[in-house]
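Student: Below are the chains, spelled out letter by letter.
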Amino acid sequence: MGAAPRTLFDKVWDAHLVRPETRDTPAVLYVDLHLVHEVTSAQAFAELAARGLKVRRPDQTLATMDHSTPTTPGASRLTVVDDAARSQLDHLARNCSEHGIPLFPLGDDRQGIVHVIGPELGLTQPGMVVVCGDSHTSTHGAFGALAFGIGTSQVAHVLATQCLLQTRPKTMEIRVDGRLAPGVTAKDLILAIIGRLGVGGGTGHVLEYNGEAIRSLSMEERMTLCNMSIEAGARAGMVAPDDTTFEYLASRPAAPKGAAFERAVTDWRLLSTDAGTVYDRHVHLDAKALAPMITWGTNPGMSIPVNGLIPDPAEAKDERERESLSRALTYMGFRPGQALAGTPVDIVFLGSCTNSRLSDLAAAARVLRGNRVANGVRMLVVPGSQQVKRAAELQGLDRVFRDAGAEWREAGCSMCIAMNDDRVGPGRLAVSTSNRNFEGRQGPGARTLLASPLTAAATAVTGVVTDPRTILARVAA
Amino acid sequence: MSPRAPIGRFTSHWVLIPGNDIDTDQIIPARFLKTTERTGLGPHAFHDWRYQADGAQKVEFPLNQPGAAGAEILLAGHNFGCGSSREHAVWALQDAGFRAVISTRFADIFRANALANGLLPIQVEPGFHGVLVSAVPGTELTVDLANETIELADGRTTSFSLPPFSRYGLLKGVDELDFLAGAEPDIAAFESAHAARISTLAVSRSDA
Ligand code: SF4
Chain X
-14 MGAAPRTLFD KVWDAHLVRP ETRDTPAVLY VDLHLVHEVT SAQAFAELAA
36 RGLKVRRPDQ TLATMDHSTP TTPGASRLTV VDDAARSQLD HLARNCSEHG
86 IPLFPLGDDR QGIVHVIGPE LGLTQPGMVV VCGDSHTSTH GAFGALAFGI
136 GTSQVAHVLA TQCLLQTRPK TMEIRVDGRL APGVTAKDLI LAIIGRLGVG
186 GGTGHVLEYN GEAIRSLSME ERMTLCNMSI EAGARAGMVA PDDTTFEYLA
236 SRPAAPKGAA FERAVTDWRL LSTDAGTVYD RHVHLDAKAL APMITWGTNP
286 GMSIPVNGLI PDPAEAKDER ERESLSRALT YMGFRPGQAL AGTPVDIVFL
336 GSCTNSRLSD LAAAARVLRG NRVANGVRML VVPGSQQVKR AAELQGLDRV
386 FRDAGAEWRE AGCSMCIAMN DDRVGPGRLA VSTSNRNFEG RQGPGARTLL
436 ASPLTAAATA VTGVVTDPRT ILARVAA
Chain U
273 MSPRAPIGRF TSHWVLIPGN DIDTDQIIPA RFLKTTERTG LGPHAFHDWR
323 YQADGAQKVE FPLNQPGAAG AEILLAGHNF GCGSSREHAV WALQDAGFRA
373 VISTRFADIF RANALANGLL PIQVEPGFHG VLVSAVPGTE LTVDLANETI
423 ELADGRTTSF SLPPFSRYGL LKGVDELDFL AGAEPDIAAF ESAHAARIST
473 LAVSRSDA
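So the sequence lines, in the order shown, correspond to chains X and U.
Numbering follows our numbering, in which position 296 of the first sequence is assigned residue number 281; successive positions increment by one, without gaps.
In our numbering, each number is its position in the second sequence, counted from 1, plus 272.
Note that these hints are calculated values from the structure, not bench results.
Idealized CB from N, CA, C, for every residue including glycine.
Treat the hints with care, since some could be wrong.
[Claimed, not checked] In silico contact screen, one side only, chain X against chain U (beta carbon under 8 Å); selected entries:
hint : residue
1    : D44
2    : S53
3    : A69
4    : G118
From just these sequences and the hints, can you work out the full model?
Tutor: Take a look at the structure:
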C-alpha cells in the first residue's frame, strides 16, 4: 500500500520487466504477442539461421502476408507483382513452416493487414506487450496494450528470446474533452492531434488518450486513433480498457472464455491510470471544436479543416517551418492560402490499417449508397482483412460500392504503400484514408491527401475535395 | 551482422541533405523493400530524390555532386528518419558508405535501428548543426565514439550522447542479441511465473 500512483503505461511496462533498466543497461522487456509480415522478417530469420537459433515462442507469434500481396479480385500467388515479391512471400512461408509459426498466407480466409487481424482474432488484449516489425503496431494500443513497431534486428531479438532491450519512454496525456460532432471522426481527431504535436512532437513518449471523447469512441475508432500515434513520432499510443473494450473482446476466438474471461476483465479493470498520476507532458483538445480534417502537404502533421486554407510559409513561426511548408507546397503543386475544398482528385483510396475495418467501410457506404463515383475518378475499396471483407459482403456493402462504380478488392495494404500494382501515378492526386502522405508513398510522384472514410467517400461522389457534412445532411434527409 | 567490428574514431567529410522530417520512405522507397538481403540497397538510397523517372541522375541532388564521393557522414535536418520502421533505411545508408548521421533529432525507431547496426545517430544542438551547415564544403570532421565528441579540423567541437549500453556495445563489438541471450535464466524464470496469455497456434487451428 501507499505505492506511488502509476499510469496505464507504467503498469504494463512494470508487469513485463524481465530485468529492470539500470544506469548502464536497458530493460529486458517481455513480449506477449509478436506479429510478423513478409517485408521486415526475412533478414531476421536469416540472422537466427546464421546463429543456429530457434524461434523461442512460435505460440506467441503470428504471421500474415499483407504488404506486397495483390488485391485484385481473386488474388493469388500467380498475380503477385514480381519475382522479388514472390520470393519474399516464399521466404516467409518457408520460415514459418520451419519454425512452426502459424501463418495466414495469401488466399487464407483469415489473411489481412497485420494490425487488423490481431485485434479481430482477439489476440490483442489489455495489458499486453505487442510488437511487430511495423511502425503502425501502435494500433494495438487501443486495447490498453503497450504496442510498438520495431526494426528487423529487433524482430530477430524477439524471435530468438521473446524479449527486447528497451529504455523507458516518457508519458504524455492527450486529453480530449467533449464529443465529436456528426461527420467528424476518429481520423479527424488524430489528424488534429498530430497537427498540434507536429510529426516529431511525440518522440520519446508513449501517448495516453483520455477524456470524454475517447471514452465514447468504439474499439475500431480507438484503433484508428492509436494507429497514427507514430505519425506524431510517439513510441506508442494507449487507451485504457473499459466496457467497450471488454465487449469487443468477449466473443473473439483468442480471448479467454467463460470464468477465465470474467477473471481477465477483473484484472483489466485495474489497468487505468491512477488518480493523481503525473505525466511528463499534457496536451488538451476540445472535441466539439473539431471539423473534418484533411492533409495538404507531405507529412501527416500538415493538415487543415476540410474547409480551411493551406497555410502560407510567410506566416510560419520559424525558419525550419517555413522551409518545410515551402517544400511541401512545391511537391504538392499547391499555392499558399489556397482552399482544398473543390480541388479535383483522380483517385480515392479507402483502406489501410488506419481505416479499413467494417465501420469504416459502412461509413463510406452511407455516403455512397444511391450515388455514383464521379466521372474520371477511380475509387478503390480494400478491406483490411478477409474477415472484414466477408462481414461487409454479408451486409451488402460490396454491392453499394460496386453499384457506385468503385472497385471492391481483396484484403491487404494495397495503395497505402504501393508495393504491389496499386499505385496512384506520378503527379496524380489521391484522397486516401491511409496514414502517410509522404512524397511518393502511394507510388512515385503520387500526391496524397489524407482524410476520413466519410471525406473520402464524399470526395469520390463529387470528384472534388468535399466536406462530408454537406452530403451527410442530404443522405440523412 | 554479428559478430560486429568495434567502432572507434574516424574522420571524414560530410554530405548535407537539407530538409526537416526526412522520412524513411524518402531514404528508401517501399518498392525496394522486396529484398530479402541486408546489402545492395545503397544505390537506391534517396532513390526518388536522386534519380529522374528515366533513371538519369538529378545532378543537383547532394549525393550526386562530386564532393559527396567517399563521405562517411550524412548531415541532415531535424527529426531525421521519421515514419516507417524499415531497417532498410539504415542498411541503405550504410551500403551507400555512411557510418554516421548528424541531426538535431532522430525518430525513435530509426535511432534504435541505427544503433543495432552500428550507424551512429549523432544528435547535436541546433547551434553546432548550424556551424556544420554553413561550413566550407569538404571540411573534415572527426567522430570520436569513446569520448562522444565530434570535432572539426579547426578545433571546434561538440559532444553527443548515446545510451551507455549502445556506446559500450559499439566500442567493444558486443551485440544486442548476444546480450539478450545472456538474460536466458531471467527469461525462463519470467515465463514460468507468467503463463502465456494467448496461443496463436490454438487460434490458427480453430476456424476463426
Ligand atoms: S496498411 Fe499501410 S501503414 Fe498499415 S501496415 Fe500496411 S503498409 Fe503499413
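Student: All the hints need checking, so say for each whether the structure fits it.
Tutor: Taking the hints in turn, this is what the structure says about them:
1. A cut of 8 Å between beta carbons decides the hint on X/D44: the least distance to chain U is about 5 Å, and the hint holds.
2. Hint status for X/S53: holds, given a least beta-carbon distance of 6 Å to chain U, under 8 Å.
3. The beta carbon of X/A69 comes within 4 Å of a beta carbon in chain U, closer than 8 Å, and the hint placing it at the interface holds.
4. Of the supplied interface hints, the one on X/G118 holds, with its beta-carbon coming within about 6 Å of a beta-carbon of chain U, less than 8 Å.
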